[in-house]
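Here is how the chains run, residue by residue.
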Amino acid sequence: MFSNFDFSVILNSWRYLFFDGMTFTLTLTALAAVGGVILGTLIAMMRLSGLPVLPQIAKAYVNFMRSLPLVLVIFWFYFLVPYIGQWVIGAERPIQVGAFSSSLITFTLFEAAYFSEIMRAGIQSIPKGQAAAASALGLTYWQSMGNVILPQAFRNMLPVLLTQTIVLFQDTSLVYVLSITDFLGAASKVAQRDGRLVEMYLFAAVVYFAVCFIASLLVRRLQRRVAIIR
Amino acid sequence: MNYNWNWGIFFEASPEGNGTYADMLLSGLIWTIVTALCAWVIAFAVGSVVGVLRTLPSRAAQSVGNAYVELFRNIPLLVQMFLWFFVLPEVLPESWGTWLKQLPNAPFYTAVVCLGFFTASRVAEQVRAGIQALPRGQRMAGTALGLTTAQTYRYVLLPNAYRIILPPLTSEFLNNLKNTSVALTIGLLELTARARAMQEFSFQVFEAFTAATIIYIIINLLVVTAAGLIERRVAVPGR
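Heads up: the sequence lines are chains A and B, in that order. In terms of my numbering, the first sequence is residues 1 to 230. In terms of my numbering, the second sequence is residues 231 to 469.
For the record, the hints were derived by calculation from the structure and aren't laboratory data. All figures in this text were calculated on a predicted structure; none of them were measured in a lab. Check the hints yourself; a few may be wrong.
[Said to hold, decoys possible] What the simulated footprint calls covered on chain A by chain B, stretch by stretch (three residues with Cβ under 8 Å from a Cβ of chain B suffice, anywhere in the stretch; the number is not a length):
| no. | region |
| --- | --- |
| 1 | 67–79 |
| 2 | 174–183 |
| 3 | 203–212 |
Quick reminder that beta carbons are idealized off the backbone N, C-alpha and C, glycines included.
From just these sequences and the hints, can you work out the full model?
Right under this line is the structure:
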């Protein structure tokens, strides 16, 4: 089965795979995770704010994003972002947006919907008495969120947020549909150039598996350490 | 925005020569639904078996179940799709590989098998959680009544577990449905692929994607409604 397996193609291309491909994948994952968590937290706060209209907008946004396939959303933003950019800066024609910015915007907005559900559960996991106590002490809404509720919510939800980030790391492979050189895109380009699909795709699978497996083991260890003993 | 809107585009003939653009999207929708349903059959069957394995007393069975879930959850779906489509025919004995490559509708069968086994790992996780959420007394009562392990699962544990996990299973079904769009990378002509093709032929980007978006939202609503009906139908009275 592996008699004509050619390892040299991996040896020859690993620099390209990791320095070009994996760097892109990891940068996109990290930035989209940070952006997604911030935006997701804001959406969760909107949803729990009890103000008029805002909760409905937040809920509609989350349900909308969650009912669409990521591939379709990637295409949407790839074509839409140049027009939005044109509208924002008032240019003559649709502006050129790089593949990286386009996919970063896509993943941030898409994952924000998922992160917001996690943060909503996190905020709701904090007993109501704490918000009441904070406001009795004279803290404003933003002070009580920033100093009392959110730090605990983040701590409670950290393992789930990290697990979702691992999912995000896997999902970034879908930028393949825009022919971007992420880790899988790089593997695929080498595979097609050298006619070595078996070796390259198996190697990509092994690398993804190793990264995600080790990361989820670490998340499980972290989960035991950060759990607040009540 | 200087974009030329043309909502009449759906009723214009597509360059493929067999109907309008609307027909094209409709055929995509049918492929999406058929693929999702076929994959779900595999996912539900395999996922249930693997989920049960993980709750059996035997250590070996638990390890097999855990290994399955770890393997399929830690590799991106797109990579799995490529493994089934490009790699599997090459590493099989030559005559099998040739047969696979010459299969008509190969992207469809590949997508069904790939999505089926991928979603199975998620279903397995839910089935395990459902069985473990049941009070331990149920398993013991089954044993006390003289049921074998298989009978305990068939008549006591699984009927209860499936009722508990119906809501998460619905969301897994929806994920499965959305994930069919990943199969466009291996050439399955499902809804997203058709919207993309329509955009390439007609340059009406936003009409094509708007139509696909609305269709996906409608399917979601239908599935959620249907799941609600099933949930009420199978609810144990008096609980």
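Structure-based check of all given hints:
no.	hint	verdict
1	67–79	holds (count 9)
2	174–183	holds (count 3)
3	203–212	holds (count 5)
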